[in-house]
Amino acid sequence: MTLSVQHLWLIPALPLAAAAVGAVLPRSGRVPAASAAIAAMGAAFVLSCLALNGALADPARHAVHNFAWFDLGHGAVMLGWLLDPLTAFMCVMVTFVGLLIFVFSLGYMRDDPHFARFFCFLSLFAAAMLGLLVANSLLLLFICWELVGLASYLLIGFWFHRPAAAAAAKKAFLTTRLGDLGFLLGLLWLYDSAGSLLFYDAGRGVLESGVLAGLTAQTVAGGLALSTAIGLLLFCGAVGKSGQFPLHVWLPDAMEGPTPVSALIHAATMVAAGVFLVARLYPLMAADQALAAVPVHALTVVALIGAVTALLGAVIAVAQDDIKRVLAFSTVSQLGYMMLALGVGAWTAAIFHLLTHAFFKALLFLGAGSVIHAAHHEQDIRRLGGLRTRLPATYRTFVIGMMALAGVPFLFSGFWSKEAILHAAHGWTVSPLPLWAGLAAVALTAFYMTRLVAETFFGSPRSPAAAHAEESPAVMRIPLVLLAGCAILLGFLGTPAWPWLQARLAGAPLHGSLEHLFEGGGLMLLSIALVGAGIGLGWRFYGRRPRASAAAADPLAAASPTLMAALAARLGCDEFYAATVGRLHALAAAVADGLDRWVLGAAVSGVGLLGQFGGVVSRENDEGALNGGFDAAGAGLRGAGRSYARAQTGRVHGYLRALAVAFVVLGLVLLAGGVP
Amino acid sequence: MSVLLSLLVFLPWLGALALALAPRLGVSASRRLALAFSLSTLGLGLLACARFDPAAGGYQLVERHAWISALQVSYHLGLDGMSLLLVLLTGLVSPACLLASWRIERDVRLFGLLFLLLQGSALGVFLALDFFHWFIFWEISLVPAFFLIKLWGGPGAPRAAYQFFVYTLGGSAFMLLGFAAIHAATGTMDFVALAGLGGSGALARQLGEPAATLVFLGVLLGLAVKAPLFPFHTWLPATYAEAPTGASMFLTGVMSKMGVYGFLRILWPLFPGHVQAHALPLLWLALGGVVLGAFAALRQTDLKRLVAYSSVNHVSYCLLALFAFAAAVPGRAYDSAQHAAAFGGALLQMFNHGLSAAALFAGVGILEARAGGRRGLGDFGGVRTAAPVFAGLCGVAMFSSLGLPGLNGFVGEFLIFRGVFGLAPWAAAVACLGLFATALFLLTFWQRVFHGPVAGAAAGFRDVSAVEIATLAPLAALMIVLGVWPQLLLGLINPLLLEWFRQFAFAS
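In order, the protein sequence lines correspond to chains A and B. Taking this note's numbering, the leading residue of the first sequence gets 1, the next gets one more, and so forth. Taking this note's numbering, the leading residue of the second sequence gets 1, the next gets one more, and so forth.
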């Protein structure tokens, strides 16, 4: 059985219907709201599997179904659905991880008074995310892209009575919107140049060779190919959404939302939308690769941004003390890996890592949620400790997630997907920077994850909350176990010996052979050594001699207090933006307001005074001898002014005069500017 | 000959007359009577919609009678896609204004009377096709608006009402003079006949230079004050802020559209050459409204002034699209997809802004009523906790105003940006600043008033009453429907766009 592309809309429509149900239910409708959400997600998962089944039958094909949204001029604005392996794999991942997180939320949010609303928002998010995946039009993708932003805003600010949550929600929306302005401009430019926003449309789509050839043939300012300029603008959107440097600042703050939200939206799915966008647009992003005489290729920028982000996120994660913030910065770093992979041309490796990361990062966040739930909302790892025995199931699954993220060799999925990326970075001839950044981040990731596990689960409890923690209920443990299974197994879909996933994504034939298993050779050995070093050092600092009390100094902070303080303060990015972008906006607002109040307002009042003076003069003039020589407009104005001057105070008179002057000014502006 | 359009215009006035002739009518009966007559516009508008054939082109349901033969003035009403859109908007917004004024207890009968006068004159502006009575409707609308602001407004209302009245009246004086000159030169004031003359260039020839340019500037000024076009907007923040909620809603929802309507109904067809020659500086002014309006809103602490500045910003998008259309590089066909997007977007934006701005003013009015007249940005906190349904309805209006996809505001703004980007790319890029600032001030408003712990006037805040739901819910529902299914409106106006492309005599 398969799901044809005409019916692909059902996948986002089901969660949307569940969201609509949740929106109209009263606060007491807990059971129907949650049931609708979970049933819709389950059905969407089944449909996604059917769609995948169909897509794999002919992986090189992009099946589309296009339709007119509305008429405009001689044509229409078109939208459409697209089914290919990329869409299908992503849909299966989002629905499966989403389903598990929904189930987990049953337990995690059990005591929240706004339980029904939570499931409504989660379903809205899922609908928007799935809509983004099945879109065959950049416009539809953008619409869903903004809607996931809305869902993210609503869910980060779910506990909106807390000022920190409300501020974080606003920050996330605005920061991503800043990137989205670039996205919008790129989209407009693409629409204008290509005349369409459909990805695939029987040769006329923007990702098809005919249109791409036209886009690369044109040159814009700075010698860039048109496709490069458009690609970079669109990439701005991905930078915002995927928390890439320099717009990464919102993602750690987004952890103010409930933990299942962090798992679903800010780790597994939505933040990966930027990676998906670049992968979807890969033909466009890579269109300028054939050109030699351009200042920069779009993908080079992608690779460098990704490399910087991968390293930056990993460095900052080392100094965070909040369990969710460590994971948030690790997400920033891992998304950087994916961007890096896209930039060096290995888009299938990027998607492979996206998929494996989605599972193990969801696992880690849900594990963190289980810890937080058990420890009465204590998130500070300095005040946790000793949970290994109190939360055995959480501990075991969390360690599996940690090994997958750290890239512990052979058994864990993160190892294989990360190796694929490093391998591709090694083969990139433009710059060695991505490879170095990637290797450094490997060691750092292993280090901070070891620190996280050691601080949280080893040693002795360092607060009453940790001492009295009790294992979470089955409804929360089962999703952990399933995700842990996936965190291991998924890697075997894309090993060098049998790169099934990459081949299916690319629509290329599969050449599997055991000989290729270790084709990474020296590079693989090096990265394994780095993982070992990271874990070893982490264990040496944090595992062997566990922290004695919550107040005890961090061993690294004791060694280098300045550096760790700077890292803990996230290298001051937020402060930098507040001092620059924030001030700039405040200044612009003050100028605009001042212009209205003082300049234009004063002009009106000043002209009003002049008008009063003029009124006196003209009355004297009239009472003496009426002189001709006024044109029709002047006479009419004066007549009106006279009658008002008698009826009212001079102020009214003044306004008319003010208007006359404004009229003259407008006339001057127009005559000066309009006549060539 | 159908009398549907006359009924549309005069039923509200009939209602005003009924209220005037029933001095003993009670408070509740006055409210209901006014609402019933106000709703007649929606009913008749839908009827007109059913009889309207978008594909047929031209004006439909036309009524034409000889009137003042000495001046060759005829009573001429007609409906095209744009008029229909605005009639429907008036029909939707007006009852909401009356419902939002339900809590007014003082002189209810007079309030209803004045409001129905205002509503009827706005409809007259949207349907009249002869300058003579078009201008009568245009000017009469000021009188009830003036009294609504002055009598039911805030402490600064008298001053604001005078300023509003004189500023807009003064603006239209120039328009009147302009049309006097047109009449002297051509002997007609019929829009259809004049559009024909404008299209062939005969109008400009008959007027001669510099008279033609002066007339163009006079008409432009009248419209620019009304819309408003930056920098003729300074009357607006005070007026919108001091007016009672219902009047603010109507001023921003419907009356600001009269200006934009005039640009498309009068200025473009009559003076295509002048519009084109002066488009570039006008484009700059519209851009000024977009950017400075949004940034000025960022500084406001009075919620009504904040929404007022957001109206300056939003209406400027319409003007931006119109001027970009006219400013497009000569030598290019002007019926391209970009041109269609610019005009279609401007028309949609008129409708969409009418819905969202009216809803936002209604929301602020509810906040103000609950807080005993306070409406500062810092006077509230955590309203969403106290009144979740209210917050939800306001949230839809806010996100629509912000241009969130999925809601109506996005479609219009997207088309405007699509058009402007194709016609004047730098203007679209600069206008993006306005998009960001809009998101910034709306989310700040939202965060300060609705989020955080319950504080200030939000303590003891009741959630919406049935009347308030009836005010806000239909508007919010339409925002969602039109966001998903814009064809509902574009089906009405798209044939008109194509017709305009054939008629407007822009040099290409």
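Just so you know, the hints here were simulated from the structure itself, not pulled from any lab data. Just so it is clear, CB atoms sit at the ideal spot from N, CA and C, and this is done for glycine as well. Wrong hints could be hidden among the right ones.
[Claimed, not checked] What the simulated footprint calls covered on chain B by chain A, stretch by stretch (three residues with Cβ under 8 Å from a Cβ of chain A suffice, anywhere in the stretch; the number is not a length):
1. 43 to 50
2. 118 to 128
3. 358 to 364
4. 380 to 386
5. 399 to 410
6. 487 to 497
Evaluation of the provided hints:
Coverage of a stretch by a chain is defined here by at least three residues with a beta carbon nearer than 8 Å to that chain's beta carbons; for the segment 43 to 50 of chain B and chain A the count is 0, and the condition is violated. Counting residues of the segment 118 to 128 of chain B whose beta carbon lies closer than 8 Å to any beta carbon of chain A gives 0, which falls short of the minimum of three for the stated coverage. For the segment 358 to 364 of chain B, the assignment as covered by chain A is violated, since 0 residues bring a beta-carbon within under 8 Å of that chain's beta-carbons and 3 are needed. Residues of the segment 380 to 386 of chain B with a Cβ under 8 Å from some Cβ of chain A number 3, which satisfies the need for three, so the listed coverage holds.
Restraint check on the segment 399 to 410 of chain B versus chain A: 5 residues with Cβ-Cβ distances below 8 Å, three needed, restraint holds. With a cut-off of 8 Å between beta carbons, the segment 487 to 497 of chain B has 5 residues touching chain A; three or more are needed, and the interface restraint holds.
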